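Engineer: These are the residues of each chain, in order.
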Amino acid sequence: MGLLSDPNRRRALINLLTRLNAPICGMPVEWLVKTMQARGLEVYTQRFSRTLPFPDENKERYMVKGTNVYGILRAPRAPRTEALVLSAPCTPGDNNNQAVGLLLGLAQYFRNQIYWAKDIIFLVNDHDLIGMQAWLEGYHHTNTTGMDWSPLQGRGGSIQAALSLELSSDVVTSMDLVLEGLNGQLPNLDLANLFYAFCQKIGVLCTIQGKLQRNDWDSVSGYSHAVQTMMLMVMKQASGRPWGDHGLFLRYHIEAATIKGINSFRQYKTDATTIGRLLEGMYRKLNNLLERLHQSYFFYLMPSLSHFVSIGYYMPAFGLLAVILLLRALDLWVQLATPPPTTEDGIADIEQSSPGVLSVLTPLVISHLTGAALYMLPIRFQEMAVEHFPVSETEAVVLTAIAVYTAGLALPHNTHRLLSGEGTEQGWRVLKLVALLYLAVLLGCTALINFSLGFILALTLVPAAAFVTPHVPKVLSAFVLVILSPACTLLFSVFFFQELQEMPVSFLDGWLLYLSVISQGILDHFLYGSLVYPLIALLVYPCWLLFWNILFWK
Amino acid sequence: QEFSCQIWGIFFLKKTFKGNLRNYWNFLPEGFINTQLFTRFLSRISQDSAGQFFSSGHTNNWAVLVCTSRFWFNYRHVANTLSVYRSVKRLGIPDSHIVLMLADDMACNHRNPKPATVFSHKNMELNVYGDDVEVDYRGYEVTVENFLRVLTGRLPPSTPRSKRLLSDDRSNILIYLTGHGGNGFLKFQDSEEISNVELADAFEQMWQKRRYNELLFIIDTCQGASMYERFYSPNLMALASSQVGEDSLSHQPDLAIGVHLMDRYTFYLLEFLEDIHPASKANMNDLFKVCPKSQCVSTPGHRTDLFLRDPGSVLITDFFGSVRKVEITTEAIDLTDPIKEVEERPANGDVHKEMHSYVDQLPVSEIIHQKPKQKDWHPPDGFILGLWTLILLVFFQTYGVKHLRHIF
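So the protein sequences, as listed, match chains A and B. Numbering (UniProt numbering) for the first sequence: 1 to 554. Numbering (UniProt numbering) for the second sequence: 1 to 408.
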């Protein structure tokens with residue numbers, strides 16, 4: 001019982017897969033429509049087009065156009081109120097042809113069963129994430145990113161769960177599970193547990209972050225392996241980008257995960273039929289669901305597929321870091337409140353001891369204006385930059401961003417000219433108090449939404465914020481503060497990430513990777529609404545500039 | 001004693017002769033001596049047995065079978081209830097005397113790969129749904145309120161007969177509950193609970209309203225024994241699938257259907273009941289032995305202290321079947337003499353338990369001439385003491401202690 005116990009079906013699937021081994025140029029829309037209709041699905045297409053803010057190095061053009069094709073398998077007896085989605089991104093070349101073939105084979109098998117209580121939507125999306133975003137926006141009648149798409153002709157009810165397939169070769173040795181989604185959102189842990197349980201039942205090797213699970217938890221090497229896996233997840237979550245097509249579903253409260261087939265040239269190989277059985281089992285389990293997955297954790301970190309760290313365990317670590325800021329602020333408050341011991345004239349003291357909130361306002365406003373400049377200038381002035389410098393648009397954007405960032409470092413000298421000779425002892429205390437509270441609130445909110453991002457920022461910014469005063473040695477602390485700034489944190493994270501994935505890069509490659517990461521971050525923000533870039537540019541960077549201001553307080 | 005006839009007939013004597021009719025037929029020609037003495041002896045026996053016939057316990061049987069949980073993964077609870085329904089129907093209780101309450105429809109659930117069937121054995125050996133199932137309360141009608149109303153008979157006048165428990169004081173009722181439960185409660189439909197106290201009170205209402213002669217209560221849930229702990233009405237016998245603190249486990253999953261099909265206790269109960277036929281002499285002691293710990297993993301329990309008769313003398317068919325006592329005779333029996341009540345002789349020679357009678361429902365004379373109850377005196381509690389202390393403190397604060405001398 002189960003998929004492909006019938007040899008005819010098995011042969012049909014293998015035929016389909018070998019046909020698809022031929023490279024597909026663009027998206028074979030007509031062929032897909034015909035094939036899906038032959039399998040008894042209701043087939044619809046959706047056209048979309050998107051103007052990119054700057055041409056990506058992958059796409060090298062401003063306008064991206066595409067067509068999504070999806071077929072709906074209607075549940076034989078159920079009302080059309082709920083749906084499940086199985087998607088495979090179809091990219092030009094033979095990147096994902098196996099997945100499309102498997103999807104069509106599964107569609108044919110599923111069509112013959114009578115126990116489906118939800119509609120199943122088989123989606124082949126064009127241009128990866130852009131097509132997926134267009135389809136989701138069309139399905140839910142929202143338009144958050146300014147994309148242009150044709151409305152969907154056929155719909156299936158509210159989507160309960162979704163899986164995205166990525167298979168690049170017909171020989172697969174292990175299945176990798178990708179959970180991290182947009183803005184660090186994760187699907188319900190039950191979905192990961194479901195995948196792992198089925199892998200074990202069928203006997204397929206499964207991995208997370210590309211790393212196999214080890215059995216020796218007590219030994220040092222086993223422990224460090226687990227820590228490395230968890231750090232990889234932290235890095236991926238902090239980047240805020242969707243690491244698979246599933247990442248865009250999470251925003252609509254649809255539990256989704258991406259399953260990648262990996263060929264790591266092991267001796268024991270799995271074939272498409274086993275993967276088909278795995279998917280069939282998962283879909284049957286999802287079919288039996290009566291409500292959305294909500295019983296397990298939504299916030300967790302996974303050192304391996306069978307272990308997880310829940311929010312109750314990792315939040316106190318962040319809480320302790322945030323407490324440092326609050327204690328410092330409390331200390332400053334007490335210092336501000338107690339009058340200085342050597343005073344003679346009461347009136348002068350009052351004037352001196354309360355510089356007022358207004359004096360703090362100037363550095364605040366200027367820092368935020370710099371942040372706004374960092375957010376807006378790179379995109380606005382890319383044409384001007386391309387005219388004057390021999391760089392491509394992408395490089396122009398990134399280099400403008402770095403330039404604005406570095407220009408911000410020169411601010412304190414200019415700010416003080418604007419200030420009406422304030423440079424008092426109390427002045428910087430008030431500013432630091434405000435900056436500490438601002439940073440605490442900012443990091444707290446970030447950690448709630450995207451814990452990894454908040455934690456990494458806290459690790460670097462909290463020590464900087466705590467120790468900086470105008471009285472520490474200037475050169476050394478300036479150097480340390482720059483090292484701990486968000487941009488350098490990102491640079492180190494890139495190198496660290498490559499190390500963790502066991503693909504260390506040289507400095508030059510790392511630098512180029514860093515530039516591409518910045519451009520991807522900006523692009524993600526404009527295409528899917530990722531919040532990392534505006535957060536860093538508009539909030540974290542000005543906060544860091546305030547501390548830079550304090551360091552150079554005269 | 002006048003004898004007006006000779007008795008030839010076939011007696012179906014339950015207590016005097018332990019064998020069935022065939023045995024007696026074999027006995028009769030051998031031992032028959034056509035003498036006056038023997039005729040006299042036989043007629044006395046017939047009068048005694050006639051006495052027994054008219055002093056037997058119950059005259060009709062009812063069954064209330066309830067499945068309290070919904071959702072596809074609780075398939076096994078519906079299968080439990082339907083298998084007991086099947087046994088009860090097979091042994092003779094008609095649909096008009098069965099109140100079947102199923103909280104969800106498994107047979108026609110969209111997820112059922114075999115629509116219109118509910119299986120109790122894997123590999124689809126036994127379909128307990130059949131084509132003549134009559135469900136009286138279905139879906140969201142299975143609530144605690146409806147269940148208690150059915151038991152106590154307090155239903156609105158518009159309720160049809162099929163939804164009523166029209167039992168009288170000569171009815172033996174079988175009540176079977178299954179679902180998810182805990183220590184002292186049973187969960188209905190994932191949204192409400194019935195507690196063991198409520199259930200015990202409902203049975204007491206039934207006793208006071210003379211709605212049952214004897215009642216057998218079977219429950220197959222986790223910690224089921226807690227549900228019969230609070231019973232206090234007479235003539236109740238209870239069985240449960242697990243003790244307090246234990247979980248009742250399910251039996252076996254079917255890989256094609258994808259869910260567990262039955263609970264262990266009811267599975268072995270069904271196996272036991274399949275061997276029972278309407279003439280079977282199996283008694284309650286056999287029922288207590290169903291599903292020992294080795295098969296059930298949990299420890300089934302039972303309670304018989306409220307039951308008047310000895311469980312060993314209670315037949316399974318007294319509750320699970322609707323067995324009529326039939327005596328075919330070609331002779332007329334003289335019933336001019338008053339029928340003597342046959343004294344029950346307990347097997348182990350214990351003292352006869354006291355007879356329970358129905359309570360006087362409304363002691364009007366007592367109410368009218370009641371004297372007011374004298375309230376016991378309690379020392380003032382903390383609040384009053386505190387209040388007075390506060391008043392005194394304020395008084396002395398205001399006026400000073402030195403004024404005390406003037407007051408006292």
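Hints are computed from structural coordinates only; laboratory data are not their basis. Treat the hints loosely; a few may be bogus.
Heads up, incomplete: computed chain B residues facing chain A, CB under 8 Å, no partners named [said to hold, decoys possible]:
#1 F73
#2 R111
#3 N112
#4 A116
#5 G258
#6 W388
#7 T389
#8 Y399
Which chain B residues stay away from chain A? Per the calculated CB distances, all over 10 Å, these [as the list claims (entries may be wrong)]:
#9 T59
#10 W72
#11 N109
#12 H110
#13 P113
#14 N127
#15 R149
#16 L166
#17 K187
#18 E198
#19 D201
#20 P292
#21 Q295
#22 L387
As the structure is a prediction and not an experimental result, all values here were calculated from the model. Note that the Cβ used here is the ideal one computed from N, Cα and C, for glycine as well.
Engineer: Hint by hint, note whether the structure agrees.
Structural biologist: Now for the hints, and whether the structure bears them out:
1. Checking F73(B) against chain A: minimum C-beta separation of about 7 Å stays under 8 Å; hint holds.
2. A distance limit of 8 Å between C-beta atoms decides the matter here; for R111(B) the minimum to chain A is near 5 Å, and the interface restraint holds.
3. The interface hint given for N112(B) is met, as the beta carbon of that residue sits about 7 Å from the closest beta carbon of chain A, less than 8 Å.
4. Given hint, A116(B) at the interface with chain A, is violated; its Cβ is 11 Å from that chain's nearest Cβ, farther than 8 Å.
5. Evaluation of the G258(B) hint against chain A yields a held restraint, the C-beta minimum of about 7 Å falling below 8 Å.
6. Look at W388(B): its Cβ only gets to about 46 Å from chain A, farther than 8 Å, so that hint breaks.
7. Because the beta carbon of T389(B) sits about 42 Å from the nearest beta carbon in chain A, more than 8 Å, this interface hint is broken.
8. Because the closest C-beta pair between Y399(B) and chain A is about 44 Å apart, greater than 8 Å, the hint is violated.
9. Even its closest Cβ contact with chain A, about 45 Å, leaves T59(B) beyond 10 Å, as expected for a residue assigned away from the interface.
10. At roughly 6 Å, the least C-beta separation between W72(B) and chain A is not larger than 10 Å, which violates its mark as non-interface.
11. Listed as a non-interface residue, N109(B) fails to keep its Cβ farther than 10 Å from every Cβ of chain A; the least gap is roughly 8 Å.
12. The Cβ of H110(B) sits about 4 Å from the closest Cβ of chain A, inside the 10 Å cut-off, so the non-interface label is violated.
13. Remark: the non-interface label on P113(B) conflicts with the geometry, its nearest Cβ contact in chain A lying 4 Å away (cut-off 10 Å).
14. The Cβ of N127(B) lies farther than 10 Å from every Cβ of chain A, with a closest approach of about 17 Å, so its non-interface assignment holds.
15. A cut-off of 10 Å between C-beta atoms confirms that R149(B) is not in contact with chain A; the least separation is 28 Å.
16. Remark: the non-interface label on L166(B) is consistent with the geometry, its nearest Cβ contact in chain A lying 37 Å away (cut-off 10 Å).
17. Even its closest Cβ contact with chain A, about 16 Å, leaves K187(B) beyond 10 Å, as expected for a residue assigned away from the interface.
18. Listed as outside the interface, E198(B) is consistent with that label: its C-beta sits roughly 28 Å from the nearest C-beta of chain A, beyond the 10 Å cut-off.
19. Every C-beta of chain A lies more than 10 Å from that of D201(B), the closest at about 34 Å, which supports listing it as non-interface.
20. For P292(B), the condition that its CB be more than 10 Å from all CB atoms of chain A holds, with the nearest at approximately 32 Å.
21. Every CB of chain A lies more than 10 Å from the CB of Q295(B), the least distance being 27 Å, so the non-interface label holds.
22. The claim that L387(B) lies off the interface holds: its Cβ sits roughly 43 Å from the closest Cβ of chain A, which is beyond the 10 Å cut-off.
Figure legend: structure checked against the earlier numbered hints; hints not met, in rising order: 4, 6, 7, 8, 10, 11, 12 and 13.
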